[in-house]
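Take a look at the letters that make up each chain.
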Amino acid sequence: MVADSGAASGPKPSSSVKLVLLGEAAVGKSSLVMRFVNNDFQENKEPTIGAAFLTQKCNLPTRTIKFEIWDTAGQERFASLAPMYYRNAQAALVVYDITKAASLTKAQHWVAELQRQASPGIVIALVGNKSDLAASPNNSGSSSSGGSGGALSDASTAGDDGDAASSTAVGDGDDGDEDEEGEGGDARKVATKVAKAYADEEGLLFFETSAKTGLNVAEVFTAIANAIPETSLKGPRGVGGQTHLGGGRQEDAARVNLTGGRDAAGPKEGCAC
Amino acid sequence: METLNDTDWDVLIVGTGLKQSLLALALSRSGKRVLHIDKNHYYGGAEAAFSLQEAEDWLKKVAEDIILNQTYTNISILQPSQEHSGTDASKLSFSRAYNLSLSPQIIYARSSLLPILVSSKVHRQLDFLAVGSWWVYSAKDGPNDTPGSEPSADRANSSQGKLVKVPSGREDIFADPSLDFKAKRALVKFLRFIVEFEDQPEVWEEHREKPFPVFLSEQFNFPAALQDPVISLTLSPSVPSRITTEFALRRIARHLRSIGMFGPGFGSVVPKWGGLSEISQVACRAGAVGGAVYVLGKGLVNPESINAPKYRPTGDTQKPSELKAYLQDGEAITTRWIVGLRNDLEPFYAQQHSNLEKHPDPGNSSTVCKSITIVSSALEPLFPALAEGAPQPAGAVVVFPSGSLALGEGSDQGEEIPPVYLLIHSGDTGECPTGQSVLYASVALGNERGFVLLEQAVKLLLRAINTEPTSTILWSLRYKQHTRIRPHWQSVSRENPSTSRQILEFSPSPPDLAFDDSTLDEVKESWQKILGDEAGEFMVFDDREGMGTDLDDNE
Ligand SMILES: Nc1nc2c(ncn2[C@@H]2O[C@H](COP(=O)(O)OP(=O)(O)OP(=O)(O)O)[C@@H](O)[C@H]2O)c(=O)[nH]1
Ligand SMILES: [Mg+2]
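Protein chains in written order, with the UniProt record's numbering: chain A, 1 to 273; chain B, 1 to 555.
These are computed hints drawn from the structure, not numbers from a lab. Glycine residues also receive a C-beta, built at the ideal position from the N, C-alpha and C atoms. A couple of the hints might just be wrong.
[As the list claims (entries may be wrong)] Beta-carbon label-pair distances, calculated as ranges:
no. : chain 1 : residue 1 : chain 2 : residue 2 : range
1   : A       : Pro229    : B       : Ile77     : 50 to 60 Å
2   : A       : Ala79     : B       : Arg544    : 21 to 31 Å
3   : B       : His41     : A       : Lys189    : 30 to 40 Å
4   : A       : Glu43     : B       : Ser76     : 53 to 63 Å
5   : B       : Leu407    : A       : Thr259    : 28 to 38 Å
6   : A       : Pro229    : B       : Leu78     : 24 to 34 Å
7   : A       : Thr259    : B       : His41     : 33 to 43 Å
8   : B       : Asp521    : A       : Thr62     : 40 to 50 Å
9   : A       : Ile49     : B       : Asp517    : 26 to 36 Å
10  : A       : Gln117    : B       : Pro211    : 24 to 34 Å
11  : B       : Leu78     : A       : Glu201    : 36 to 46 Å
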């Protein structure tokens, strides 16, 4: 009976983070999620209908974050879906395609809407995807730490533009780059500098990624995980120093489990008045 | 933005309240083409949750609306000026720090809603929190003590009422020093009976219509002091003399049988982030994942009001099974089914029968006064730890029994005053910042005196809990909720007989304090009608492809 909640998952505290992906159609939102969750990529991915839900864990040195990812459809026809996904979301990934200037404009609209409507503490990352289509060496992902979280620790390289040092590809990232599309020239339409300047101004995390090669994909999620304020992961009463029964993680101290731990004795014994 | 004009659908769901959203969830795997619209720019309909700003907007919107039979009226917001500069908790936070619920209902552990949320897999996106202790307010010196008078500092305890915890277990009863032996025996005897009262008709059946207090004293020798706590478990809005024995027994049994289901010491839960509104949204998300199209800010209209060509059912351009509906902005769509609340369907009826608007509503209407109050304290004494291994409670119930409050002069002498219920939500619910609480109060009175009672109850509650520093009211909202009562929700098939079968009308949600399972019957019935033979098991879905298998709740 004692401390049955959460204790089994080991010494590391773990918490869930609700994350929503927003951005114009075909910028690669679903591809980023697929790379992150399954380490996989599809050349011709079909557009998302409505939305999709996936989960993935992210292990940090001191804690485990379970991302609950809502991948929305960029082709959203009536702009009515996003509000129910970013409601109570702790993180948002706003994606544009570095080969389509208009997609950055759309991304900026999303950022503005999030700042106006979403939870005030939401961590927003601006992500320029399809960096594999840009001519090297400008295809590096550069990241910067912006406002909210502040402590971006290891994941952010705070790079100057064009600094190629941070390109730690993830997974099979070494087998895909510099081929067909990359060859002929540079398809890049959005300069890293421009997007980064905007991100800095708005206090957003910033990365250039490639769902195709895997470049920087895990880094985005790790940076978000690191930027989520500790207080918003703990149960809201954590600050008050109140001791809880069960000793598990704060989040679980209040949560009721609907599927497990059903008291076999049922209401007849003990509890039921 | 694309236009909906001339689009064709299987089902048009109007409004994103709980029932409509659960229907969207139920249809989410059916392959039906679902268009789900709401005239509001937010989700949740009559069960929405609001930030402070959204609450202000809602107030203005409702005041401007001139539709008949509104669910909510007489809305007002009170924000006392804040003079002091104390801690964060002592000040009203920013607008979006709040998710104030129009539907803070508790959900009993045995409610059929919970298994449905589990079998449809959407429970994973919901957090449920325990509703812990139940308290009954007792005005020490009886109801005629003037509750409005200021207690002097050192006499505080004698001039204020106190909150008595309703025992939640046999041990509680025996440990309670305020109960004498006789009282304990009566209580235990009653509890033993009620666990299986259905099997003992000889004890209660001939008294089923009798007032419950009479039954308690006649059959169980219940001391008067114990009646209020037991009656409070019925959550009945009526004065005790109007609560029948059968009703009370069912309600109390529901309460007691739920305790211990999901952990020791509690029997009901609330969803995090704004009550039933959160369940609506999670259900809509599932609908969207299933391909339903969502459009906010768009309701049905009567085409005449927008000068659109009026559709005549006699026209032969249309297949008999098609309904034509007009949306705001004049778009016309066709659909096989239309589902929604009566209020939302009204324009559609008007389009077919232009006189209908003037018809009086067939049902009676009942009105309750409600208020939502944000206070500057966590009110921790109301949330004692429940038991070892139990979750930290985030909700509490406080009942001001009938007779514990008095309306000053001007009120009819001898008139019985119905009980006032307060659902207290802590910051854990995500409805307010840590260190504050939200008080949802209601009383079954339709006139302004209802508001007076609510205000009184909130004040007395804050006074009865001596917190340091004293809790103050940071913000409050009050409104009246009207529910039209109808014998059966689908008995209004007086429309065009050839198409009326395809119009499914939901009844408005009752102003109950606990989630009413009959809500689900309506959803299920309409789901069955729409799917016919294709209907499988209600709300039982497999995991979707691509969902992690590591989603175990127990990790
Ligand atoms: N070269 C390259 N192509 C990519 C990359 N990411 C995605 N794509 C391709 O871009 C197309 C669109 O990708 P999706 O992941 O479906 O885009 P989306 O943002 O989810 O689109 P919607 O669901 O319609 O909003 C697909 O054909 C992908 O294969 C990338 O990093 N590099
Ligand atoms: Mg997609």
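Hint check:
1. Range check, proline 229/A to isoleucine 77/B: about 30 Å between beta-carbon atoms, so the 50 to 60 Å window is missed.
2. Roughly 24 Å separates the CB atoms of alanine 79/A and arginine 544/B, a value that falls within the hinted 21 to 31 Å.
3. With their beta carbons about 34 Å apart, histidine 41/B and lysine 189/A fall inside the hinted range of 30 to 40 Å.
4. For glutamate 43/A and serine 76/B, the Cβ-Cβ distance of about 59 Å falls inside the hinted range of 53 to 63 Å, so the restraint holds.
5. Taking 28 to 38 Å as the suggested C-beta distance range, the pair leucine 407/B and threonine 259/A does not conform, at roughly 47 Å.
6. As the Cβ distance of proline 229/A to leucine 78/B is approximately 32 Å, the hint placing it in 24 to 34 Å holds.
7. One distance hint, 33 to 43 Å for the beta-carbon pair threonine 259/A and histidine 41/B, holds here, with the actual separation near 35 Å.
8. The beta-carbon spacing between aspartate 521/B and threonine 62/A, approximately 49 Å, falls within the hinted interval of 40 to 50 Å.
9. For the pair isoleucine 49/A and aspartate 517/B, the beta carbons lie near 33 Å from each other, so the given range of 26 to 36 Å is met.
10. Glutamine 117/A and proline 211/B have their C-beta atoms about 51 Å apart, which leaves the hinted 24 to 34 Å range violated.
11. For the pair leucine 78/B and glutamate 201/A, the beta carbons lie near 39 Å from each other, so the given range of 36 to 46 Å is met.
Hint check: violations occur at hints 1, 5 and 10; the rest are consistent with the structure.
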